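A.B. asks: For the record, the sequence lines run as chains A and B.
Just so you know, we're using my numbering here: the first sequence kicks off at 1 and counts up by one.
Just so you know, we're using my numbering here: the second sequence kicks off at 1 and counts up by one.
Hints were generated in silico from the structure; no laboratory data involved.
Keep in mind that this is a model prediction, so the values were computed, not measured.
Each hint should be verified, as a subset may be incorrect.
Once the Cα atoms are required to be at most 20 Å apart in a straight line, the calculated PhoX-like pairs of lysine-lysine come out as [to be verified]:
1) 45/A / 60/A
2) 60/A / 153/B
3) 60/A / 45/B
4) 60/B / 45/B
5) 78/B / 45/A
From the derived model, a few chain B residues whose C-beta atoms are all more than 12 Å from chain A [as the list claims (entries may be wrong)]:
6) 27
7) 34
8) 64
9) 91
10) 115
11) 154
12) 161
13) 164
14) 180
Yeah, the Cβ is synthetic: ideal placement off N, Cα and C, and Gly gets one too.
So the chains spell out like this:
2 protein chains.
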Amino acid sequence: MPPAPLEFWFDLASAYSCLSAVRIGSVASGLELRWRPFLLGPIFKAQGWDDSPFNLYPAKGRWMWRDVPRRGARSGLKMRQPSVFPRHSVLACRVALVALMQGWGEDCVRATFRAEFEHDADISSPEVMTRLVTELGHDGAATVARAQTQPIKDALRAYTDEASRRGIFGAPTFMVGDELFWGDDRLEDAVAWARGERPAA
Amino acid sequence: MPPAPLEFWFDLASAYSCLSAVRIGSVASGLELRWRPFLLGPIFKAQGWDDSPFNLYPAKGRWMWRDVPRRGARSGLKMRQPSVFPRHSVLACRVALVALMQGWGEDCVRATFRAEFEHDADISSPEVMTRLVTELGHDGAATVARAQTQPIKDALRAYTDEASRRGIFGAPTFMVGDELFWGDDRLEDAVAWARGERPAA
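Here chain A stands alone, though its shape is the one from the complex:
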């Protein structure tokens, strides 16, 4: 059997998604990767949360900002707690969608995550996103303008609806067909599954 495609579901506001975005290319090498931006907000709202669980549960939040930099250091990231968390990521996710359609999405996603979590950039700002895209060698103004058109808005909403329908409850999530893997720490499990490996028991 050929390996199955691996879907990578992420929100640009999610620190753990940043960890996966940076390392998925090497961990999942040889697999067909499908990058799927979506919004956690509506998913959390359906679970009764109006904020990130890392803010709602302060002990968990304190731990997370120790854990994330520690894990990021393995990929050469210097992550730190941004001045605002979570950032509003609607614009950044839409920009990512445009970039993915044009074939430079992976670079765009990684650059956005690094700007946010290493350099405290406000990724909700059109100016910040315009500059970020420009620095990647693309047309910043045109990309941000296109990100705010109805077809792109609809596409992000469709991914978010699909995430909810398929049982996604957090980010990052990896899907191999209907098999769900939640969390950056399950990336290796998802890759093994996509390659056809199955646990013995």
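Chain B: place on chain A using the hints.
C.D. replies: Just chain B now, with coordinates in the frame of chain A:
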């Protein structure tokens, strides 16, 4: 610097704690291990939950019962969703305390976890716990009787209070001094930390 002691905080109702109990001996070989039973109930209550988050958030629960058997298979466990989850674990945690004081606690904890998650045993039952201890070659009736005395009740309460005070919000948790590591998937990080390894960034 000599390696630091590694504290293993677990609740016998916690499926992810079962995963750690079975493998911590080999992963943390050479380290001084301190086994710390505590009750998640009061910790969850303080976060506003009156049940396991895996029951409160059904999508997360569905995933967990896929994830746990998959992870357990690596340690040779055949875990499955018990008919009741979470089990009331007060008695089992008290029995574990008695056994830890007498030097056979690690065997007792592992046997209790396996009875619960492989064979659906009701670990809240004094009869079940008496039989389990007897099968380990110890005095089942005397152990269960001692588990229900005030000093043991107080000791379990003291550990639960300590867990809360030190910022523990879930199980399993590993502590190296004040450094906290949450989740079976952070056992390796905790062991590295106890051995003095520090991330580069």
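A.B. asks: The structure should be examined with respect to each hint, and the outcome stated for every one.
C.D. replies: Results of checking the hints against the structure:
{"no.": "1", "hint": "45/A / 60/A", "result": "holds (19 Å)"}
{"no.": "2", "hint": "60/A / 153/B", "result": "violated (28 Å)"}
{"no.": "3", "hint": "60/A / 45/B", "result": "holds (14 Å)"}
{"no.": "4", "hint": "60/B / 45/B", "result": "holds (19 Å)"}
{"no.": "5", "hint": "78/B / 45/A", "result": "violated (35 Å)"}
{"no.": "6", "hint": "27", "result": "holds (15 Å)"}
{"no.": "7", "hint": "34", "result": "holds (20 Å)"}
{"no.": "8", "hint": "64", "result": "violated (9 Å)"}
{"no.": "9", "hint": "91", "result": "holds (27 Å)"}
{"no.": "10", "hint": "115", "result": "holds (17 Å)"}
{"no.": "11", "hint": "154", "result": "holds (24 Å)"}
{"no.": "12", "hint": "161", "result": "holds (15 Å)"}
{"no.": "13", "hint": "164", "result": "violated (9 Å)"}
{"no.": "14", "hint": "180", "result": "violated (6 Å)"}
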